[in-house]
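Line order of the protein sequences matches chains W and E. Using this note's numbering, the letters of the first sequence correspond one by one to residues 1 to 199. Using this note's numbering, the letters of the second sequence correspond one by one to residues 1 to 199.
In case anyone wonders, no lab produced these hints; they're calculated from the structure. Please note that the accuracy of each hint is not assured.
Given that identical chains are not distinguished, each listed pair holds provided it fits within a single copy or across any two copies.
Unchecked claim - Calculated pairs, SDA-like style, for lysine to any residue (alpha carbon to alpha carbon, straight line, at most 20 Å):
| no. | residue 1 | residue 2 |
| --- | --- | --- |
| 1 | 124 | 103 |
| 2 | 6 | 160 |
| 3 | 90 | 35 |
| 4 | 6 | 73 |
| 5 | 23 | 130 |
| 6 | 124 | 135 |
| 7 | 17 | 46 |
Protein chains: 2
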Amino acid sequence: MSESIKSLELLAEQFGKLGGVGKRTAMRLAFSVVDMTEAEAERFAEAILEAKRNIHCCPVCQNLTDLEVCPICSDLSRDRTTVCVVADTKSLIAIEKVREYNGVYHVLHGMLSPMQNITPDDIKLRELIERVASEDIKEVIIATNPTTEGEATAMYISRLLKPAGIKVTRIANGIPVGGELEFADAHTLACAFDGRKEY
Amino acid sequence: MSESIKSLELLAEQFGKLGGVGKRTAMRLAFSVVDMTEAEAERFAEAILEAKRNIHCCPVCQNLTDLEVCPICSDLSRDRTTVCVVADTKSLIAIEKVREYNGVYHVLHGMLSPMQNITPDDIKLRELIERVASEDIKEVIIATNPTTEGEATAMYISRLLKPAGIKVTRIANGIPVGGELEFADAHTLACAFDGRKEY
Chain W
1 MSESIKSLEL LAEQFGKLGG VGKRTAMRLA FSVVDMTEAE AERFAEAILE
51 AKRNIHCCPV CQNLTDLEVC PICSDLSRDR TTVCVVADTK SLIAIEKVRE
101 YNGVYHVLHG MLSPMQNITP DDIKLRELIE RVASEDIKEV IIATNPTTEG
151 EATAMYISRL LKPAGIKVTR IANGIPVGGE LEFADAHTLA CAFDGRKEY
Chain E
1 MSESIKSLEL LAEQFGKLGG VGKRTAMRLA FSVVDMTEAE AERFAEAILE
51 AKRNIHCCPV CQNLTDLEVC PICSDLSRDR TTVCVVADTK SLIAIEKVRE
101 YNGVYHVLHG MLSPMQNITP DDIKLRELIE RVASEDIKEV IIATNPTTEG
151 EATAMYISRL LKPAGIKVTR IANGIPVGGE LEFADAHTLA CAFDGRKEY
C-alpha cells in the first residue's frame with residue numbers, strides 16, 4: 001500500500017540515490033520530510049540547490065569551495081612550495097583537522113582504477129602537472145588512501161613528476177593498510193606525515 | 001576547514017535534522033548531493049517540495065495520502081464496519097503488506113504520552129470519536145505498538161468507545177513486547193490479528 005502514496009515513494013527513491021542509503025532508510029528519511037513544516041521543507045530543498053549552485057572546484061587546487069578561490073589557497077601564511085595531493089575533499093578535511101600540515105593541496109577527485117575504467121584523464125591530474133610546471137613547487141606529498149587504487153595513483157604521479165626534478169614523497173603507513181584516510185584519528189594522521197618517505 | 005564550505009555545512013545541517021541521521025552521516029549525504037548533476041539535485045529538491053505539497057491526511061481515516069481520499073477508504077471492496085486504529089502510517093503500511101486485514105483504518109499520528117506531554121488533543125482521537133458516532137462501525141481493532149504509550153493509548157480508546165456499545169479489540173501479543181509494529185514480520189503480524197481479544 002505504500003506505493004499508493006506516490007509523492008512519498010518518489011521522495012524515498014531520491015533519498016535512495018544518496019551514498020550508502022538503503023531502501024528502509026530512504027523511506028524513513030522520506031517520512032521525516034513529511035513530518036517537517038512547509039517552511040522547513042523549503043529550507044531543505046533550498047539548501048540542496050544552493051550547495052549545488054555555489055560549490056565548485058577551486059581553480060588553483062581543485063578543492064571544493066563556494067568562494068572564488070578556496071580559503072587554503074587564499075591563506076598567505078601557508079607554504080605554497082609544498083603540495084599535498086589527496087583523492088577527495090573528505091581526505092583534505094581530515095588532514096586539516098590535525099593542524100599539522102601547513103602547505104597547500106591538490107585534490108584529484110578520484111583515483112586511477114583500471115577495474116572501474118578511471119584513467120588519468122578522469123581525475124584532476126593535468127591540472128597538477130600544469131601547476132607543477134608553472135609554480136615554484138619544491139615537494140609534492142602524495143596522501144592518497146593506502147588501497148590498491150591509492151597506491152597505483154601515487155606511483156603514477158611519482159613517475160610523472162620525478163623527471164621534473166621535484167621531490168615526491170608518500171605519507172607513511174601510519175594509516176592502517178586497506179583503511180580510509182577519512183576515518184583516521186589525528187595521531188595516526190600526524191605519524192603518517194612525519195614518517196613520509198621519498199620515492 | 002570543512003566549515004569554510006558554507007553551503008556544504010548548511011546542507012549537512014539540514015540532513016542532520018532528519019530522523020536518525022548523525023553528524024558524520026549528514027556530511028556524507030551532503031557530499032553525495034555535491035556529486036550529483038545539477039539536474040539530479042533539482043529533481044531531489046523538487047521531490048521534497050512535491051511530497052510536502054501533495055501529502056496530507058485522508059479526511060476519512062487520517063492516513064497520509066496524495067489523493068483526495070486515500071486508496072483504502074475509496075476501495076469499495078473493504079469492510080467499512082471494522083476499523084483498525086494505528087499510531088502512524090508506517091504501522092498501516094506494515095499491516096497492509098500482510099494482506100490479511102480487509103477492514104479500514106484510523107491513523108492517530110501519535111500515541112498518548114504524559115512524559116512527552118502528548119494529550120488526547122494532540123492526536124487524531126476526536127476524529128475517531130466523530131467517525132464512530134456517525135458511521136456504522138461494528139468493531140474497532142486497536143493496533144498501537146505494545147509499548148507503554150501504545151498500551152495506554154489502547155486502554156484510553158477502549159474506555160472511550162466501550163460505553164457506545166462498540167466491540168473494541170486489541171491485537172494479540174504475537175508482536176514481541178517492547179518491539180515496534182513497523183518491523184514485525186508477516187507471520188507475527190498475522191498471529192497478532194488472529195489472536196485479538198475483546199476488552
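Checklist entry - Between residue 124 and residue 135, at a C-alpha cutoff of 20 Å, which is it: within one copy, between copies, both, or neither? => result The answer is within: 16 Å in one copy meets 20 Å, while 68 Å across copies does not.
Next on the checklist: Treating 20 Å as the Cα threshold, decide for residue 6 and residue 160: within, between, both or neither.
Outcome noted: Neither: 53 Å inside a copy, 35 Å across copies.
Checklist entry - Is it within, between, both or neither when you check residue 124 against residue 103 at 20 Å Cα-Cα? => result within (19 Å within a copy, 60 Å between copies)
Next on the checklist: With identical chains, the pair residue 23 and residue 130 could be close in the same copy or across copies; at 20 Å between alpha carbons, which is it: within, between, both, or neither?
Outcome noted: neither (44 Å within a copy, 37 Å between copies)
Item to check | Alpha-carbon proximity context of residue 6 and residue 73, limit 20 Å | outcome: For residue 6 and residue 73, the Cα distance is within 20 Å only across copies (16 Å; inside one copy 46 Å).
Next on the checklist: One pair to classify: residue 90 and residue 35, alpha carbons no more than 20 Å apart. Within, between, both, or neither?
Outcome noted: between (31 Å within a copy, 12 Å between copies)
Next on the checklist: Reference check for the pair residue 17 and residue 46, CA-CA at most 20 Å: within, between, both, or neither?
Outcome noted: This pair counts as both: shortest intra-copy Cα distance 18 Å, inter-copy 15 Å.
Hint violations for this structure: numbers 2, 5, all remaining hints satisfied.
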